[in-house]
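Colleague: Sequence:
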Amino acid sequence: MRKLIASTFTSLDGVMQAPGGPAEDPSGEFTLGGWLFGFAFADTGMDLSASGFDGKDRELILGRKTYEIFEAYWPYQPEDNPIAKTLNAAKKHVASRTLKSLQWNNSSILGDDIVSAITMLKAQPGYDLQIIGSGNLIQTLHAEALIDEYNIWTYPVVLGRGKRLFENGARPCALRLVAYKVSTTGVVMSTYVPAGDIQLGSLG
16 MRKLIASTFT
26 SLDGVMQAPG
36 GPAEDPSGEF
46 TLGGWLFGFA
56 FADTGMDLSA
66 SGFDGKDREL
76 ILGRKTYEIF
86 EAYWPYQPED
96 NPIAKTLNAA
106 KKHVASRTLK
116 SLQWNNSSIL
126 GDDIVSAITM
136 LKAQPGYDLQ
146 IIGSGNLIQT
156 LHAEALIDEY
166 NIWTYPVVLG
176 RGKRLFENGA
186 RPCALRLVAY
196 KVSTTGVVMS
206 TYVPAGDIQL
216 GSLG
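In the working numbering, the protein residues as written are 16 to 219.
Some clues are possibly wrong.
So the derived label-pair ranges between C-beta atoms look like this [as the list claims (entries may be wrong)]:
#, residue 1, residue 2, range
1, G211, P41, 18 to 24 Å
2, L192, S131, 28 to 34 Å
3, S217, Y88, 31 to 37 Å
4, Q92, P187, 35 to 41 Å
What the hints contain is simulated information worked out from the structure, not anything from laboratory work.
All C-beta atoms, glycine included, are put in the ideal place defined by N, C-alpha and C.
Input sequences plus hints: build the corresponding full structure.
Modeller: Shown next, in the form of structure tokens:
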């Protein structure tokens with residue numbers, strides 16, 4: 016069975032809404048879009064292998080909003096851009112109940128039952144499956160214990176509002192840190208895998 020890997024950027028307080036720009040997702044009167052602007056890839060020592068943008072063969076799973084943001088940008092970047100090359104060539108599965116057609120090459124719409132569709136994809140032979148961004152989708156699949164690995168880039172900013180990676184009511188679970196790296200500007204790139212139930216007790 017192939018792995019399902021979730022990769023996302025979050026603030027120190029867990030917000031993942033609109034990291035790349037104000038227009039990405041202003042819903043809920045969110046005015047802090049573009050909060051990772053001060054942490055340019057070129058000068059922070061970031062390791063693309065933690066993000067899924069490392070050129071490895073993977074199939075992508077994207078939520079509707081993330082797909083629309085990517086589709087409007089990456090196909091029009093220079094061919095020698097390694098991230099664009101990876102994303103444009105990858106097979107892309109889109110979780111949406113409203114989109115009827117997709118313009119980005121190698122893209123297809125998953126069925127209405129997203130959980131069943133992704134469960135079937137995991138059982139098929141092929142490359143590992145990579146979710147990028149797509150907060151609502153991550154929360155849905157986390158609730159069903161379908162995610163095998165979490166790649167989380169935590170930026171040293173506190174936003175105080177916005178959509179969070181794990182909202183109130185998320186499925187409780189323990190995670191085990193298996194790799195990490197810290198960039199020169201303090202971005203922490205962490206890789207976690209599920210580690211069963213939370214061990215509860217009393218320290219008193």
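Colleague: Next, verify each hint and record whether it holds.
Modeller: We went through each hint and held it up to the structure:
no., hint, result
1, G211 <-> P41: 18 to 24 Å, "38 Å, violated"
2, L192 <-> S131: 28 to 34 Å, "31 Å, holds"
3, S217 <-> Y88: 31 to 37 Å, "51 Å, violated"
4, Q92 <-> P187: 35 to 41 Å, "40 Å, holds"
This entry does not satisfy hints 1, 3, going by the numbered hints stated previously.
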